[in-house]
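Based on the provided sequences and hints, a complete structural model is requested.
Number of protein chains: 2
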Amino acid sequence: MNEIKIPCGISNRHIHVSKEDLESLFGKGYSLSPKKDLSQTGQFACEETVKLVTPKGQIENVRILGPERNSTQVEISVTDSFTLGIRAPYRESGDTSGTPGVLIVGPAGFKYIPEGVIIPLRHIHMDPQTAVKLEVQDKEIVSVETEGPRSVIFNNVMIRIRGDFMLDFHIDTDEANAAGLNNSSFVRILR
Amino acid sequence: MNEIKIPCGISNRHIHVSKEDLESLFGKGYSLSPKKDLSQTGQFACEETVKLVTPKGQIENVRILGPERNSTQVEISVTDSFTLGIRAPYRESGDTSGTPGVLIVGPAGFKYIPEGVIIPLRHIHMDPQTAVKLEVQDKEIVSVETEGPRSVIFNNVMIRIRGDFMLDFHIDTDEANAAGLNNSSFVRILR
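Protein chains in written order, with this note's numbering: chain A, 710 to 900; chain B, 710 to 900.
Simulated from the structure, these hints should not be mistaken for laboratory data.
Check each hint, because a few of them may be wrong.
Identical chains share a label here; the pair holds if one copy fits it or two copies do between them.
[Unchecked claim] List time: in silico BS3-like cross-link candidates among lysine-lysine, alpha-carbon distance up to 27 angstroms:
#1 K848 to K714
#2 K765 to K745
#3 K820 to K744
Quick look at the structure:
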């Protein structure tokens, strides 16, 4: 087991929005209000939230993460997929082809996206120097072990390496709660 | 890896009630109405549901599992513990000493239990014959592997052996959703 401990970053459900969709939801010329920086450089949680609506359910207070992106993407957990009654697939961020759509409701309007709802695949961000220390390659699939009474080993964890990435094990709330992890927890890559 | 596949039984939040507490919630002389048999012999989901209330939150439609027990016990997930704003510990069923209390609301009255809210530890039920085949002992701690894109290995899984137990890997909704499991899924014990 590698001795470099990797901090956990737990993602609650959230949405990335395009400039065009942001204006549909919040009004012409609207720009996002950063509330809190995220672990990855340049990424931030916004003051703004929206509501997700399907024929079978809805979820309120879904936070927008900035900055704006080229296309709108909604990231939920399996638990959320039951609440909304949609079959969202496990995907990497950005890979939204053929995924379910959802009605997004903001304070100034709504926007139906025909696709874009995913359950993100867990992954580890890191910079190239850390990757050398951990002896992993970009896109490599590893297993990650957690500690404590609910210790689990997460298989199928993808490594993502980029110069501006901070070391972070990204999981969703289902995965964190199943393993008893919080944002102060650490995990290790199994070799 | 052992080749005997073990079916998953996913427990949503639920409550076991004493006869006395049942009468406080549903009225004098009330008896439970079985709705659906559970995998373990003699256990059943009831038509009856209650509401759990704390100063910080509430959860409605919490199903009662029968038959009645000597003492009332509430079993929730980590996700639920955030909703209710209480720090429930991981415990085996029946081990409720020093656990948080909760206000239980029924159609005919309410009952505050000063303790009894737990997050159940995952475990595998089986009969002695199956235990011989799987080469495990009562109370042994094993690891269990799941399949699929969200494959995980659950460590710290306790074996429970009794003559009337059916083979079943009992996990909660957080654990099931984190691993992408449903009630048709199977797992294997890692050796």
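Cross-check of the supplied hints:
Taking the closest pair of Cα atoms, K848 and K714 come within 27 angstroms of each other only inside a single copy of the chain (19 angstroms); across copies the shortest separation is 31 angstroms, beyond that limit. Taking CA atoms no more than 27 angstroms apart as the test, K765 paired with K745 passes between copies only; the shortest distance there is 25 angstroms, against 32 angstroms inside one copy. For a Cα distance limit of 27 angstroms, the shortest separation of K820 from K744 inside one copy, 23 angstroms, qualifies, whereas the shortest one across copies, 41 angstroms, does not.
Violated hints are absent here; each numbered hint is respected by the structure.
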